[in-house]
Structure formats: structure tokens, C-alpha cells
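Enquirer: Chain residues, written in single-letter form:
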Amino acid sequence: MKREFGKWLGWAYYLALLFFLQLPILLLIIFSFNDSVLLVFPLKGFTLDWYRQLLGARELLNAARNSLMVGLISSAVATGLGTMGAIAISRYNFPGRQFFLNIATLPLVIPYVVLGVAMLILFQALGITLSLWTITIGHAIINIPYVMLIVAARLSGFANNLEEAAMDLGATYWGTLMRITLPISAPALVAAFLSSFTLSFDEFSLAFFLAGTDNTLPVYLYSQLRFPNRLPLAITTAAVVILVSVAILLVSEWLRRLGVERNARQGR
Amino acid sequence: METKRRLFVLIAPPAIVLALFFLAPLVIMLLYSFKDNTFGPLLPLTFKHYITFLQTPSFFRLLLDSSKLSFLTAIISIILAYPVAYFLVFYTGARRVILLTLLILPAWTSFLLRVLAWKVILGSNGLLNQTLIGLGLIQEGAPVLLYSQSAVLITLVYVWIPFAALPLFAAMERIDPRLHEAAQDLGASPGQTFWRVTLPLTMPGVASAFFFVFIPTLGEWVTPTLVGGVTGIMYGNLIQDQFARALNWPLGALLSLVLLVLVAAFSYVFNRFIPITEVPVST
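Chains A and B, in that order, give the protein sequences. In terms of numbering that gives the first Met the number 0, the first sequence opens at residue 0 and continues consecutively. In terms of numbering that gives the first Met the number 0, the second sequence opens at residue 0 and continues consecutively.
Same shape as in the complex, but just chain B (with noise of 0.2 Å):
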């Protein structure tokens, strides 16, 4: 009883404040799905936003276009960073933590301004172009990269490569170093050994990196806004534009809804493969 008493005394306030304002409002959000406009009652309901969405192929190309351009920069992400991954922890020795720390550094800096950075780089007077334009490379005034899906690309992988490496550097870290020697004196080459042996035990770091790049990219407004331009834009700034120049609240609450049944389908399935919520209990 005793003990009973103590678990609610600890349990109550997190899981009052995780539902009052976590659980209720998706909740809300799911019956503002279904309200007339904005402004005005709640009753009575309607499905007039679910026919607009049903009825608009933009929305779903939208979703299609913003989910092939989070995969793209997960897995670039995963690609750049996996190498650098396995040269710190075989490679590097007790050096390996300031190397990753000084990698990771520009992850701690303002995300806005890091972006904002990007455009500077990527502009028709910008760094890159100056240097090809130098370099003799390209003709002054040829198409600048700034303003595309290709910017939202580039500047998308660069923001998330600190947080591919993380996870990677973790699972290679886990690595017994003495099965590498066991393959190797087994007469595996070295290529067989990463084939065979480390990439097998690295795939969940992989996994993670992978998971916790493509989900907050799927949501993402603010870098396509900054460097996207028309074309550059993605699923998250459809949400954003209902909110805050459409003044179309329901609208806006059913994309979110869509993107959040999304995402939770996919955590859903990812967690049955890697557990990432397991912490043990120790009674």
C-alpha cells in the first residue's frame, strides 16, 4: 500500500502535465479536424476538410515529394557520416571523443542562423558561386543553386550529420574489437571483415540515425522557407501557411493530423524492430 502510495506521489504530476498538455491537445486537434471554419462553434461538425484533402492531389504530392526528400537526407546523412564514424572509433584511439566533440560542435549553434548561413553560401554572390566563378568554372550570372530543393537538400543534411554521427559512432563503439581479429584470423580480407562483421553489427546504430533524421525532416518548415523558395517548399509549410497567412485552423489541424498518423505508423513499425524507449527496471 505504502509503496503504492509513493509510486502515484512520483507518477501524478509528470503524467497530469504530459496529458493536459501533450494528449489533449491532439485530441483537440482531431475534433477541430472537423470544424466548419477557424472562427465560430465547434458544432456542429463536418467533413467538408476531409473532402478538400481528399480532393487535392497537391497535398498527397506534397507528402510524397517531403517524405522522398527526408529519406534522401537521412540516408546522405547516414552515408557522409558512417565513414567518419568508423575512422574515429578504429582509427583514432583515446582521441576519438575531442574529434567527435569538435564534429558535433556546430549542432550547439543557432539552428535559424546556421541556415541562414547557407543562404550566404549558396546566393548568386555567395561563396560557392564566387569560387566557381573564380575558378573559371561557370559564367557569371549562371543559375544559382539558392531557392531549390537542391538548397533545402544540401542545408537539411548539413544540419543533420552531427546527429547522424552520434548514433553510428555509439554502435561502433559497442564493437568487441576482438571479433575483427577473430575474422581476420579466420582469413577473412578486410572487406569481408566490414561486410561480414561491423556493418551487420552497426545496422542499429544505422537504424537510429536514420529514424531520428527522416521524422523531424518530415515536419520540416523552416529551412525550406529560408532557402527553398517556391519550389523548395515541403509538407510542413503547408501546415505553417494554414496558420499563419490562410487563417484556415481546420485545414490545417487534418495535414497535421495526417503527418502525425504518419509518423506514428512509422515509430510504430520502427520500434518493433529497435526499441528505442527500453530502460530497465531495477527494484
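So here's chain A without its partners, still in its complex pose (with noise of 0.2 Å):
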């Protein structure tokens, strides 16, 4: 009885908490089917034309484009780099490893706007100027953290007796990591990727640092939020990059849960 009531009562809680955290979003979806620049009540019609607009719309498109670059370049570097980093440190025991891993994981905690301001001025005094590379940088290296935890977990997920075997049969040890543990971890390195790749696409705060005159979708957004006018195109590049967005996680949970179920079948 008494279980019944508390099963209620969660059920309301949940669905409340998820109206919400649901309820932004939403609006934006349906401001950018109405038909005014304003963003208030009441609506005034429906129409199609912030979309139609985005469509032309240069600079903003362009701005997609420079984002969808830095995340894919700074997503595989991250990769890259992270998985040596995933594999040193859950197969090798070796002096300064907690040290390596303890400076690699660090990004994860300081704030971007401490890394933004020390890596611009970094760059200034190597006089590198600014640019999207500078942004691509800054998005790898926050990135690391991300992937290594995550694939130094589906490491530590299997027994290196896979790769043993491998070598005993007359493997190299480059050929066993290119045969054996890549393909394993395979579900892992593209989750970390997809991870890595949205993580890029919408930030923000380091980006507005590193930014030079090619701006990121973030960093454009941003310059366009003073401008009352533009903020229903501003909205309507919203709603399509939450769909966007919501795809590559869906298809990023579903490679996790690849992983897990093999994990699972291994009988680990």
C-alpha cells in the first residue's frame, strides 16, 4: 500500500522535474515556427520562414561549417591521443603513471575560463594567431580526460590474454594493438569520439577565448544575442542542432551498449 502511494508520488516528481527541464527546449521549438521577432506570448502564427532564412543564411552556415571541422579535427586528435594515453595506463605499470594520469585528467577540472585566458596568452607569446586551429587545440585538450577514461574502462573491461595469444602465435606487439585491442575497444573509441565531437560542437567558454575571425557556431550565436532582431534565426539553429544532436547521442548509447553486452558475454 504503502509502496503504491511512494510509486505515485515518484512518478509525479519525475514527470515534474522532466516538464522542467523540458519546457526550454520546447519553447525554443516553438518560437521558431512563429511568426514575429519577438519572443514573447501570445504567439503570432505559424509559419516556416526562420527556417527558410537559415537557409541563406552566410555567415551563420559558415559558422556550422567551421564548428563541424573543429569538432571532427579536434574529436580524432583527442582520440588519437587519448587511447595511447587509455593504453599505457591500463597496461603498463610504470614510474610517474599516477603522476601522467593525475596531469592528463586535470582539464577535467579547472575551469575553461582559466585554460581559455592561459592558452590565449600562450599564444600570444609565441605569436601564433588566433584561429580555428587555436580553437582545435583548446577543444583536444579538454577532450582528452574524456576519452581516456572512457576507453581505459573498456581496457580494463577485458583480459589482455586475447592479446598474449595474439603475440604467442607470432604477432607483433603493433600488429596485436592494431587486431586485437583496437577492434575490442572499437565500441569505445566512437563513443569517446561522438562524446568528444559533441562536447566541441556547443562549447563555448574556451572557444570565445581562442577564437580568432572565424568563429564557431557557439562563438557566432553569441555575437548575434545582442542583436534582439537575429534571435529567431539564432533559435531556429537550435532546434535543428538539438535534433542533431540528440541523433549522434542516440547512436553514441547504442555503440556503448555494444560494448557493455560484449563485455557481458566475456564474462566480465
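Everything labelled a hint here was simulated from the structure, so no lab data went into it. Being a predicted model, the structure only gives us computed values, none of them experimental. Check each hint, because a few of them may be wrong.
[To be verified] Coverage of chain B stretches by chain A, computed from C-beta distances (three or more under 8 Å per stretch; other residues unrestricted): (1) 9-20; (2) 25-34; (3) 103-114; (4) 151-164; (5) 211-222; (6) 233-247.
We put the CB at the ideal spot given by N, CA and C, even for glycine.
Please assemble the complex out of the two chains, which come individually in their own frames, going by the hints.
Expert: Written out as C-alpha cells, the structure is:
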């Protein structure tokens, strides 16, 4: 009896919190179809005009393409470097291992504003002009710890006796890595890449400090927030980005699960 | 020997990149805090920004205010997320993962625009005010929530609830349900079971939720800029301002360094109790 009541209360609370969390997203999507530049109620009428304008907004599409490039390159770099680090820390015990792990995961806990200004000072001191490349480097750094932890979790999920077997059968160490270790870790690698990409694609605080004349999408959107008449277009962009990120998220979650199931099948 | 070479090949690339683009910037930031002004040569070094910092009480006040706000954000996010994680893990069975995913979905949409949405909700013609006026609870032209510290707090809590829910959910999933049965068999009431079994076992989750909300919030400057107005600024705005507008980079470097030291000290103490970076070696 009591448990039934608890269940009802739980559902009520869950739905209330869900409403609170989804409401702002819903508002953005509603306003992207609203026939007015002002983001106020009551709504004026249904329109697809903002979506039509989106297709012709050159700067915005440019910024989106820049974000795509920065996201892809920084995630690829972070996935490569993070995976190397993950193999090192989960397959070798060496002096300085804990130190390396601490440094490599430090970007997880440093506020982006601190890292942003520090990197800005470095680039300025070295005479490196700010560009999409400087943002790419920044995003690679903040993504390395995520990749390392995701891949290391996968690597500690299966014993290295498969690797040993391959080497006993005459495979070289690097051959074993390429043909045994990495394929087994593939779901984790893809999940790490996708989570890096979504982080980079939406990252603003760091990119703000490291952006040159070319903007990423968040930096561009931020510059538009000052002009009230450009808000609807920004919101429409958001509506599109929401759909794309949800799709990416679902794929990455599915891949992660695939990895977990494989682990389970191997009895670990 | 062979093992050493392999390890070196694996670890050198990430180590070099981290040294060059992560450690070097932090060291240079330290040097920069001793620099006379933004332009000009590094030498001679000076303590003048340190003196400015120590003589400006508003810096301390803002740091303290921001710490309080981050603390509140973390605590409120955890209090709001805890019951929902509890409900999902112990009451919804196999559906819990999909229900959790629905809850954290907003976290994957543009951060800037989620904050902007709150501007729309809290503004004078916003959803909240109009609803309250419609219900006859407040008069037209009543003070609005937007551009205040409360607006920053509400928005930050909104942003962080999903991130607080994740570690709590994970901590509860790890609890063996037999422990609950054992407590009840031994005569504990549901309340006693919660306070003496569930809550203590989920404390690591509570702690890591706190950590992962508190730290990034402490460095926030975007949310205060968008919904905080003049009274809602945070310490992060101070740093951003030195670089974007005041162009006093050395002072900005110092302010940023202070935040770094604070965060590092907090992480160190925290890591003593709950190691967040423990990876087993399986050689």
C-alpha cells in the first residue's frame, strides 16, 4: 500500500522535473515556428520562414561548417592521443604513471575560463595568430581526459590474455594492438569520439577566448544575442542543432551499450 | 627494454601535447601575473597586480559570493535530482534507462540557447510573469526575476540537474537490493532503511555530483552575462572582463590563477576521499 503511494509520488515528481527540464527546449522549438521577431507570448502565427532564411544565412552556415571541422579534427586528435594514453595507463605499470594520469585528467576539473585565458596568453606569447586551429587545440586538450577514461574503462573490461595469445602465435606487439586491442575497444573509441564531438560542437567558454576572425557556431550565436531581431534565426539554429545532437547521442549510447554487452558475454 | 620502448611510443605523444598546450599555458599565466602591463616586455617583473588584488575587497567579495552561489547550485541540483534518481532505480525496473535518457536529453542541446530560453521565461514579457499575471498572483509591472542573482541560480540549477542526476543514478544502481531486504527483515522501517542503508551507500555519488557541479559553476561567466545583469555577475566575469574589455591581461592572469589555486586545492582534498581518476592496471 505504502509502496504504491510512493510510486505515484515518484511518477508525479519525475514528470514535474521532466517538464521543468524540457520546457525551455520546447519553447525554443515553438518560437522557431512563430511568425514574429519578438520572443514573447502570445504567439503570432505559424511560419516556416525562419527555416527558409536559415538556408540563406551565409555567416551562420559558415560558422556551423567551422564548428563541424573543429569538432571532427579535435575529436580525432583527442581520440588518438587519449587512446594511446589509455593503453599506457591500463596495460603498463611505470614510475610516473599516477602523475601522468593526474595531469591528463586535470583538464576535467579546471574551469574553462582559466584554461581559455592561459592558452590565449601562450598563443599571444608565441606569436601564434588565433584561428580555428587554436580552438581545435583547446578542444583536443579538454577532450583527452574523457577519451582516456572511456577507453581505459573498456580496456580494463577485458583481460589481456587475447593480446598475449596473439603474440604467442607470432603477431608483433603493434600488430596485436591494431588487430586485437583496438578492434575490441572499437565501441569505446567511437563513443569517445562522438562524446568529444558533441562537447566540442557546443563548447563556447573556451572557444570565445581562442577564436580569431573565423567563428564557431556558439561564438557566432553569442555575437548575435546582442541583436534582438536576429534571435529567431539563432533559435531556429538551436532547434536544428537539438535534433542533430539527439541523433548523435542516441547512436553513441547504442554503441556504448553494444560494448557493455560484449563485455558481459565475455563473462566480465 | 622492448617494453620500455613500446611504452615510450605510446605515452610520448599525449605527454608532449599536454605539456605544450596544457602545462605550458598555466606556467606562462603564472609569469604573466608578474608582468607590468598587457603590452611591452615581460621584464622587469612586478608585484603590482598582487598588491592591487589584495587591496581590492570587491575581488574577495565576488569570489566569496561566487563560491556561495556555486555551493547553492550544487546542493539544490543534488536535492532535486536525488529523489528522481531514487525513483528511477528502485521503482521503474527496466524502463529506468530510457526514462533517465529523457531527463538528461536537454543537456545535449546548445548551452547558450538553453540559457537564452531562460531569458525568455524570466523576462518581463516572459512566460513566468505572464502566467503569474494571468493567474492574478502578481500585478502588471511587478519586478521581474531576470537580471538578478536568483535568475543566475535558477538557470544554473536548470543546466546542472542532469549532470547531478548521472552520478547519483550510478551510485544507486550499484546498491545490492538484498541489502534493503535484509534491513527490512531485521525490522527497519522504510525511513530507517533509507537513512541508515541507502543514503550512506550513495554518499560517494552525492560527493561526485557535488564536485562536478561546483567546479565548473565556480568558473562561470556566460550565464551571469546573459541572465544576471549587473547584480548577478560572478568571479568569472571579472576574469573575462580583463581580457575582453579592460585589456589588463596581467591582472586577468592573476585573477585566473587565484581561481586555479582554489579549484586545485578543492580537487586535492576531494580526491583524498573520493578518487575520481582511479584506473586499474591489467598487465
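Enquirer: What are the numbers of the hints the structure violates, in ascending order?
Expert: Checked against the structure, no hint fails, so every one of them is satisfied.
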